[in-house]
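There are 2 protein chains.
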Amino acid sequence: MPKIVFVPQNKSITVPENSDLIDAVHEAGFDIDIPCGGKGACGKCAVKVHAGSVKTEESGKLSKEKRDKGYVLACKTKIADTSITIEIPAQACKDQDTFFESLEHLAQATSAAFPKEEDYDSGVKQISITVPKAQLEEGLADLDRIEKVLRSKMGNMTRDYSLFSMQKIAQTVREDGGNLCITLVDDKEGFKIIDVSPPNNKGEAYGLAIDLGTTSVSTILVSLSENKVVGATSSYNEQISCGLDIISRINYAKKPARLQELAKRAVNTINRQIRQLTDEHGVRQETIYSVSLSGNTTMVHLLLGLLPEYIRIEPYTPTLLTVPTISARTVGLVCNPEAPLYCAPAVGSYVGGDITAGLLCTDIIEQRDLLSLYIDIGTNGEIVLGNREFLMTCACSAGPAFEGGGIEFGMRAASGAIDRVSVDPQTGQATYSVIGKGKPLGLCGSGLITLVASLFSTGWLDAAGKFDQTRTSKALVKEGRQCRYVLVPEDESGIDGPIYLSEHDVENVVRTKAAIYSATALLCKQLEIEPADLQAIYIAGGFGQFLDMESAITLGLLPDLPRDRFHYVGNASLIGSYLALVSKKHQKKQQELAQMMTYVELNTDPAYMDQYTAALFIPHTDRALFPSVKNQ
Amino acid sequence: MPKIVFVPQNKSITVPENSDLIDAVHEAGFDIDIPCGGKGACGKCAVKVHAGSVKTEESGKLSKEKRDKGYVLACKTKIADTSITIEIPAQACKDQDTFFESLEHLAQATSAAFPKEEDYDSGVKQISITVPKAQLEEGLADLDRIEKVLRSKMGNMTRDYSLFSMQKIAQTVREDGGNLCITLVDDKEGFKIIDVSPPNNKGEAYGLAIDLGTTSVSTILVSLSENKVVGATSSYNEQISCGLDIISRINYAKKPARLQELAKRAVNTINRQIRQLTDEHGVRQETIYSVSLSGNTTMVHLLLGLLPEYIRIEPYTPTLLTVPTISARTVGLVCNPEAPLYCAPAVGSYVGGDITAGLLCTDIIEQRDLLSLYIDIGTNGEIVLGNREFLMTCACSAGPAFEGGGIEFGMRAASGAIDRVSVDPQTGQATYSVIGKGKPLGLCGSGLITLVASLFSTGWLDAAGKFDQTRTSKALVKEGRQCRYVLVPEDESGIDGPIYLSEHDVENVVRTKAAIYSATALLCKQLEIEPADLQAIYIAGGFGQFLDMESAITLGLLPDLPRDRFHYVGNASLIGSYLALVSKKHQKKQQELAQMMTYVELNTDPAYMDQYTAALFIPHTDRALFPSVKNQ
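One line per chain: the protein sequences are A and B, in this order. Just so we're aligned, residue 0 is where the first sequence starts under numbering that gives the first Met the number 0, counting upward by one. Just so we're aligned, residue 0 is where the second sequence starts under numbering that gives the first Met the number 0, counting upward by one.
For reference, chain A alone in the conformation it holds in the complex (with noise of 0.2 Å):
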């Protein structure tokens, strides 16, 4: 078989002959993302080869002078039957270190939601016992001498067993002189037993937090015993392939067969993530005792196979909003056969499980009187206003733009993402700060805001987005009637080019925040408020370790209030779904806020198009909404 050697890591592997190399890069544990799915759309997994040959497709994504210096799509490449060097991005190495350290960031920044010690409760119990001998007088099997000890200790109540606790008991009973660890987990009417182990194994009780949104996936390992974060990963999400928003992946769903590949690439998107946080950090996959996770609704739906046609259809109707509990397994993912599958509920087709989830971070209903705002930026937008009387939602769509989709040097907030720009305003040249320490790969959703915004504030860029050709900069391209903004040279950039912004790009970037304001705007108009009355701003989203308010507020994504009223919360779907897997009392307050919230539809109100209209400009068409916003 033709081996594959990776440079400078030099690390290889041996592959059959015709794999895709994709798929070699992968298998040899480089994390190179592809956000089109591995269709050559996107050019983002260009590799060069060194030595050997391969059998790669011709793409347009690959400039003449790049396919001269050996890059190819890893996506259309296969391998031939001669052995190959292939060099890989160096920063194209696992990201989960700094995604941790953002993790850790956000759980200190919301402590407040966090649980008290007191509220840790999974719902897993793990007790050790000691089973006497077998007696022939006696004539009891294994299982009713351990419903013997287990009534002693834990009284009369219904207690269940899984087929695979079963498989373990007459093994495990005579290993250790009858010492036993039981695992069990609530079930609705007394406990279910799911894991029978040997002693030493206690301990051994892992959870899952995952975030299922659309463009990228996250999942934490937690020790449920310990009541720690072990370890944190995230990816794209393979159903990218089958369309970049929500409404692609319904209408694809529509045939049965694409519906269940649908569901399979999800399933597979968080299996490659279990496995990689199982291997790293040694745990047993049968281990992993629950599972919670938070997704809007029509995620939720492509994971449980149930057809999201409806959602997109007037009245808009989903199958569910609260998943009946079933097990993890039966979705197929790879944990305990019986470990329980926690679905975060949603309140509409469009305010999905994700945003109940998010909640959970903030303090917004802790208030009585005062006001609160929540932001979910991702690829769609939803916002909650309200307190602990009303909560009002409502959701847009909001592109993919800051998650790194629809421009072109945009990616994920990973390592080799830029994640803060600064503009000089005599020079227009950028200085900028990069997640790791290696050379910028492209711009990630908080680089990519911070960018525009220094832009607009040094009148590099217009109101309408457009750059200002009057002025010269060696940052400044011209290509035919429209301009590129370099961002980073060539000699600086990790990709073997420069990393621009285009015109293009920016248009993107300003129609996501006018979709995501007018949205905002038009909730407060409904309830007849004005946006200063809003006295705490709580934002969500996958931009990177932090959102630059002052950036935000300058492109008009966030309103121009006070900024000390303005908290980022991060992945908040992604930290509700680790409280609603740790305690039980925060997976209640998470339905009540389900059932406390009333979804407001705004594609029945005319007025959400000429907000929008409106807000297609830097920062906004009515410069008096934005007082503190200034430029050159």
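Everything labelled a hint here was simulated from the structure, so no lab data went into it. Please note that the accuracy of each hint is not assured.
For chains that are exact copies, the list does not tell them apart, and a pair is met inside one copy or across any two.
Unchecked claim - Result set (DSSO-like, lysine-lysine): computed pairs, CA atoms no more than 30 Å apart in a straight line: (1) Lys47 x Lys63; (2) Lys587 x Lys147; (3) Lys68 x Lys473; (4) Lys147 x Lys583; (5) Lys254 x Lys201; (6) Lys77 x Lys438; (7) Lys132 x Lys254; (8) Lys253 x Lys167; (9) Lys65 x Lys38; (10) Lys253 x Lys132; (11) Lys587 x Lys152; (12) Lys201 x Lys584; (13) Lys253 x Lys201; (14) Lys253 x Lys263; (15) Lys254 x Lys167; (16) Lys147 x Lys588; (17) Lys253 x Lys147; (18) Lys167 x Lys587; (19) Lys584 x Lys124; (20) Lys473 x Lys65.
Since the model is a prediction, treat every value here as computed from it, not as a measurement.
Let chain A serve as the given structure and place chain B on it in line with the hints.
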């Protein structure tokens, strides 16, 4: 692909080169048994190649004469690249009709134990509902609207939904103006919805009753809506190739991979029967909503993948006696994903659910003072003695002789089996009857018993099981120092050769009957009663359509008591499984029976071997025990 023509049925199929002939025979719908599991060890799958050539292994199980005639063992033959013509014995068709008749007969015979009209309650309910259309202003999901209707009809109890039923909701609720058929099963608390179908599917609710025997497996398909048996089938257990009796299966299962193999073979055997029944009766497998299964303790362990090792080793401890409710799909059976699997409770390692199922077919605990005896004659023999006050039970290893195993021309009680024989005292020649309409293929249990008893009472066979070589008969053929009895001459037989009974076969029959009789005698002795104290004797087993009591007593299998005390209840394990399927009341009764029974270990009683040795004669060494048995 090569074509195979089957004659005289004139049916043809095409299969890929190198297919196994036995698989092709089964695929074409012919029911040729392979009691050795396809090892070429029993020679019972011989078929004749008329035209074309095949790739076959030589086998000692086929005489040179037969090989010259073109016979091959179907299990040891692969299809070459040419088309062929194969002769299938005319009788090797499905034996379902015969079996079905016998089931009806048995149902009548034990009608006292059958559920009364009001007792029918399988736990499966179907209700028709009409769900109002979704309204934009209500914001209710499909499941919420279904729940609203169910609450008004059934109250506020807990209702779970299976993933399968959730997946069908969106489409089904919109197909017929909101009219639905909802299928629910009794859960411990409240109900679980396991199907959501169009309204005209109401009435399509099926259940399976399965008898998982060591040698034979039987399944009946029951319409739960009409309380009616729809079809029945039986075949050998595919585990046979891993060992003929329980102990050899337990030994085989020592390695985890082999335990899994045995589980899979049991599941495959049952699934093949399910597919056959659902195909024939046009039943969709997803409408099988409940499964009831009876089997001995080892068979249930092997089906569930539970290590049976400790059943074999003192103190003979199984993992469990009562199987907690799991779904049949968890085990791998093809049916609705959440159809519950109810397994008949066992009493001990060697008195299993097949016995508690069998007892449901008797009036044994309806008697306050009178003592009854229950004998189940299978590969293992089990005996129960008692009344409403107490039930004692024991087990012995009988061997598979009465199910066709270990007897050269033995076979299951299927079409072509000789099921009754009478020997002429003068000529020594036999007259016999055959199940079905065709020529005889072999001897089933009831045929064997009547043959040996008749040979003994006519003096052609002595008490030690040897043929009387001082007399001459066309039917007696000397072979060295031994003798063989020609039951069916070649020209009458359906197997291209005569059907014999050898002294070796007689030995196996005598050993089997001795094991059963001595266990019965010992149990009576331990309870300090005489066999004459027994007022009713129920005999269960898969002998064929009936057991001739006179012959069974002559042989010394049953005690010599007034004939009207004997009741043949046939495959009582299967019928009991049926009763538990259709009546929760019977399930409850069965649980009580299992609790009541006290297991007596024969292996530890030194008197057993003495009793056994004394019973190794026809009818017994102590002729005084059998005053009514005469021989010439």
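Structure-based check of all given hints:
1. Lys47 x Lys63: within (14 Å within a copy, 69 Å between copies)
2. Lys587 x Lys147: The answer is between: 21 Å across copies meets 30 Å, while 33 Å in one copy does not.
3. Lys68 x Lys473: within (26 Å within a copy, 96 Å between copies)
4. Lys147 x Lys583: both (28 Å within a copy, 26 Å between copies)
5. Lys254 x Lys201: between (46 Å within a copy, 27 Å between copies)
6. Lys77 x Lys438: Classified as within; 28 Å inside a copy, 63 Å across copies.
7. Lys132 x Lys254: between (57 Å within a copy, 23 Å between copies)
8. Lys253 x Lys167: Intra 42 Å, inter 14 Å, cutoff 30 Å: inter-copy only.
9. Lys65 x Lys38: within (19 Å within a copy, 63 Å between copies)
10. Lys253 x Lys132: Only across copies: lysine 253 and lysine 132 sit 21 Å apart there, 58 Å inside one copy, limit 30 Å.
11. Lys587 x Lys152: This pair counts as both: shortest intra-copy Cα distance 28 Å, inter-copy 27 Å.
12. Lys201 x Lys584: Answer is within; shortest intra-copy Cα gap is 24 Å, inter-copy 41 Å.
13. Lys253 x Lys201: Close across copies (27 Å), not inside one copy (46 Å); limit 30 Å.
14. Lys253 x Lys263: Within one copy, since 15 Å is at most 30 Å while 36 Å is not.
15. Lys254 x Lys167: between (41 Å within a copy, 14 Å between copies)
16. Lys147 x Lys588: Between copies only: 23 Å across, 36 Å inside.
17. Lys253 x Lys147: Between copies only: 28 Å across, 52 Å inside.
18. Lys167 x Lys587: So lysine 167 and lysine 587 pass the 30 Å test across copies only (28 Å; inside, 34 Å).
19. Lys584 x Lys124: Only inside one copy: lysine 584 and lysine 124 sit 16 Å apart there, 35 Å across copies, limit 30 Å.
20. Lys473 x Lys65: within (23 Å within a copy, 96 Å between copies)
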